[in-house]
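Chemist: Based on the provided sequences and hints, a complete structural model is requested.
Heads up: the protein sequence lines correspond to chains A and B, in order.
Quick note: the first sequence uses my numbering, first residue 40, plus one each step.
Quick note: the second sequence uses my numbering, first residue 76, plus one each step.
It should be emphasised that the hints constitute simulated quantities derived from the structure, not laboratory data.
Built from N, CA and C at the ideal position, the CB exists for glycine as well.
Mixed in with the good hints, there may be bad ones.
[As the list claims (entries may be wrong)] Facing chain B, from chain A, some residues (calculated, C-beta under 7 angstroms):
1. Tyr142
2. Phe149
3. Ser153
4. Gln160
5. Ala165
6. Asn183
7. Leu198
8. Gln202
9. Ala203
10. Leu206
11. Ala207
12. Phe211
13. Leu212
14. Val558
15. Ile559
16. Tyr561
[Unchecked claim] Capping the alpha-carbon separation at 30 angstroms, the derived lysine-lysine pairs in BS3-like fashion look like this:
17. B/Lys295 <-> B/Lys313
18. B/Lys216 <-> A/Lys44
19. A/Lys194 <-> B/Lys313
[What the hints assert, rightly or not] Derived DEER-like restraints, expressed as beta-carbon distance ranges:
20. B/Leu317 <-> A/Gln629: 50 to 60 angstroms
21. B/Gly228 <-> A/Leu190: 45 to 55 angstroms
22. A/Gly543 <-> B/His107: 47 to 57 angstroms
23. B/His107 <-> A/Leu115: 25 to 35 angstroms
24. A/Lys93 <-> B/Ser123: 27 to 37 angstroms
25. A/Gln110 <-> B/Ser90: 57 to 67 angstroms
26. A/Ile82 <-> B/Gln193: 34 to 44 angstroms
27. B/Pro102 <-> A/Ala670: 24 to 34 angstroms
28. B/Lys97 <-> A/Met612: 30 to 40 angstroms
29. B/Ser123 <-> A/Lys136: 15 to 25 angstroms
30. B/Leu317 <-> A/Ala670: 44 to 54 angstroms
31. B/Pro102 <-> A/Gln625: 24 to 34 angstroms
32. B/Glu205 <-> A/Phe94: 31 to 41 angstroms
33. A/Asn188 <-> B/Ser201: 25 to 35 angstroms
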Amino acid sequence: MATDKRIFIFLLVSIGLIALPHFNNIPLPLFGFFYLLLGWRFIALWKPAWLPNKFLVLFLTVSGIALLYSQHQGILGRDAGTSLFITALGLKLLEVKSSRDIYLTNYLAFIVASTLFLYQQSMWMAVYILSVCCVLLATLVTINSRLQNALTALKIAALIIMQALPLAIVLFLLFPRIEAPRWMLFEDKQQARSGLSDTLEPGSISRLGLSDELAFRVKFDGDIPPPEQRYWRGPVYSYTDGKRWTESPNRFFRRFMDRPRFLGTPYRYKLLMEPQKHHWVYALDLAAEYNDPLQRTSFYQLVTPSTPEERAEYRIVSYPHYNTGYLTKTEHHDNLQLPGEPSSRITSLVRRLHGFDGEPEAFIRQLLKFFREEQFYYTLMPDVMKDNPIETFLFESRYGFCSHYATAFVYLMRVANIPARVVGGYQGGELNKVGGFIEVRQANAHAWAEVWLSGKGWVRFDPTAAVAPERVEQDVNIDLQIASGEVNFTPVEIGAAMSWLKRGRQLWNSLDYQWQRWVINYSNTNQSNLLAALGIDNIERLLYWLIGSVTSVSLLLAWLLLRNNRPRADPVMALYQNFCAKLAKQAGLQIRTGEGARHFAQRVKRRHPEMAGRIDDITGLFIKLRYQADAEETDLRQFKRQVRKFQIPKR
Amino acid sequence: MSEAGLSLRERFRLSRFLRGEKPVDQPVRLTHRRIFILPTGRGLGFVSLIALLLLIAFIYNNNLAYLLAFILASVFFVTILHSFKTLAGLVMKSTHSQPAFAGEAAGFTFTIHNPLRQPRNNLSVSIQTEQSIELAAMEQKSLVLYVETRQRGWLACPTVTLSSTYPLGFFRAWSPLRFNLQALVYPKPSNVELPFPESDGGNGELGQGGRGHEDFYGIKNYERGDPIRQIHWKAFAKGQGLYSKEYAGTTASQLWLDYATTPGHSLEERLSQLCRWVIDAEHAGLPYGLMLPGTKIAPAHGRLHYEKCLEALALF
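Modeler: Below you can see the structure in the form of structure tokens.
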């Protein structure tokens, strides 16, 4: 019966496994409450007397509800709903009696499994949940068969899931995705996302530089730009109060008159943005063409109006060489803005570098040379510079990272009356050799400077490169690896192992990329693209496709499953029956029920002594093939030939 | 095997789903024609679970939740095939029946053969009672199913239903089968303890015998049903074959059970009383004869005679 201990163990183990990844997702008291109940039920398998009685169950139910209420104030929404299902599952476990209850808990566990996907969508999680679902189905197999062996039940369940997968994939691809109406959406707290911020504050320390978290991925159609050209343009900071740098308040005008002129060969690519806080899309400097939801700001940065919390894919074309043209009056004013009069130390420095009397280009060269030749150091862990960070950096600490260099550079430019601004974004990115795409991580966050030069428009300068060129030219993330102690002066063997590890990681990342693109990010738009490629353009045709493909997949499956369902005729027996049929037709002799082949042969030989040899041959081969272990393939062939040739001559 | 075609009207007759097709003598192989599959209540519960998962996926626009729902939906579909596979190919045949007294259960024996490599894990065979059986690959098993009887006479074997909810319990596959098999139902033996009738319908031979067991009469060939204690063991031990010793008394003392003189208010009551006497006489080891209007069974003793008398009573 259903109260079989084995079935319970199956059920409890699978339920315990399915709730485990919720550790981080639901409040700890509820999580603990659930596992308390689960453990209780588990112990009760051996000590049935320890099961709670009716009153205790009632008490537990009430305390479960109280706990739920204290944590969530409601049952709607992702977090509260998940907690509700888990609590219900735990309480239900205490009063599982019949096989009906087992089914109910089983179904509840499937719901909990699907809520897990609302928190995490990695491939690992999917594989994990699918395996636990396999155990859940195995519970049902055990109830419905009297199998004694847990492994067999698991195998059957796994087989059923395998057989179900093709159909599931067809449904997944073709099932229409419609966005849920707004009233159905529950408000949930948004999770904090990391990424660039809308202010740049070189004085305070940014942890972003060490985060290995993925920012976006880029897949190029043709050539991949060299590392020193991989500047992914983000927000542009042109207003400063001396410490913080923010976007200019005058960001809403448009440059109707002049569009940038693009030169050289473009790069075409797909950009897959990870969820982020802002609407920024980090196109390669400088984006020329982009698909529909994207817009370009007057700072040449792409933004998307849709929710940035979701992964999204964009098609973009960028040119490495461009000329942005003239500068409007507002822009000119904005990009010379300074928080106050520069100090004498600053002006004397600018004067020393011929900032006031020379060409802007000459001053830039001088300044970069100054950064390179003076004692400046690149570090991700500079001292905190609270007051007057630019002066402190330039004249005292001289230890800093990209934003220190970029802000100081722009500040000095402005002092010299040259329009300049700081651009945020990402620089570099690691090429995933397996997938052929570039992964840009938060650690690649970077800041550089743009200077407006007449006749050339905005031109990019990266003062960090003057100090730490490897920051820009290498395609591996040296800083991150040095900072985390991952790469150092390693012996060769370890280096080889590292590269092997790295390749494994790249393979994994490539898989993950495909997973993100095809499974998690398979959205309405993706689906319409796919359907359009298949020639499906209206709902009617989609319906035909859905029905057609589901039918053909199920027919194929039915054929695979049922093809061996007829007892196969023994070829030896069939041939012998063929021989008997010949005798019946040509000599009127029939084998009697219960008569052996040898006896029958005797009888036939008495009537047809002239055929004795042939008959003995055939009978001998038949007996050998059917009853002896040493029969060979050649015997069967000979038997076949003999039977085919057998003919009783007419008298 | 009866694989004869069905006319369209026969195919869609509702009774086919519950009572089965016309009774047959031959073994029946279960094919798509005889196997029916419908979701169980638990299967419908699973469908609502899938609907709920789809709703969650829809609200949160979550592709993996969609995928899970689709996988479960496909599992549901695939289970139909598995349900079919559980029964398909099985060959069931009726073997024989066991007679019973009215009010008791008559037994019908069937053989189920699994001609395929695939084991059958959880078959249930039912008429009134249900039995679970498991068949390994290429295995054949017999089983007896009992049917409660009420009336004497022939009892036709009701529809036998072979069913299974394997593998997940979402579907029940079943196949109603009918066989040309009858069980003989004897009259219900009377509960009233009456002495054997004193006189007889014959010639009053009863007085001659009674305890004639001692008078050795001769030796005859052993017949099925002869009492074991009358077997000529000495001859058997010498390897001369099986003989029964006949005693003068056994042939001479005759108990006649006559319908005409049997007490009772109705036909059934009288038959019931006769039945009781037949049983008692057989148990006592007495030779007895049976006289029914139109039938006269000469006095004898033994299993065959006993069954012959009961059959006469059952079919009277």
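Chemist: Return holds or violated for the Cβ distance of B/Leu317 and A/Gln629 against the range 50 to 60 angstroms.
Modeler: Taking Cβ atoms as reference, B/Leu317 and A/Gln629 lie about 38 angstroms apart, which means the hint is violated.
Chemist: Kindly confirm whether 30 to 40 angstroms is satisfied by the beta carbon distance between B/Lys97 and A/Met612.
Modeler: 31 angstroms, holds
Chemist: When the nearest CB of chain B is found for A/Leu198, is that gap smaller than 7 angstroms?
Modeler: 9 angstroms, violated
Chemist: Can the suggested window of 57 to 67 angstroms be confirmed for the beta-carbon pair A/Gln110 and B/Ser90?
Modeler: 58 angstroms, holds
Chemist: Against chain B, with CB atoms and a cut of 7 angstroms, does the hint on A/Ala203 hold up?
Modeler: 4 angstroms, holds
Chemist: Given the hint of 24 to 34 angstroms, is the C-beta distance from B/Pro102 to A/Ala670 inside that range or not?
Modeler: Distance hint for B/Pro102, A/Ala670 holds at roughly 30 angstroms.
Chemist: What's the verdict on B/Lys216 and A/Lys44, does the C-alpha distance respect the 30 angstroms limit or exceed it?
Modeler: 29 angstroms, holds
Chemist: Should the interface hint for A/Leu206 be scored as holding, given a Cβ-Cβ cut-off of 7 angstroms against chain B?
Modeler: 4 angstroms, holds
Chemist: Just to be careful: measuring from the Cβ of A/Gln202 to every Cβ in chain B, is the smallest value less than 7 angstroms?
Modeler: 5 angstroms, holds
Chemist: Hint says 27 to 37 angstroms; check whether the CB-CB distance for A/Lys93 and B/Ser123 agrees.
Modeler: 28 angstroms, holds
Chemist: Okay, B/Ser123 versus A/Lys136 on CB: inside 15 to 25 angstroms?
Modeler: Distance hint for B/Ser123, A/Lys136 holds at roughly 22 angstroms.
Chemist: Tell me if the interface restraint on A/Ala207 is satisfied: Cβ within less than 7 angstroms of some Cβ in chain B.
Modeler: This interface hint holds because 4 angstroms falls under the 7 angstroms limit.
When each numbered hint is compared with the structure, violations occur for hints 7, 13, 19, 20 and 23.
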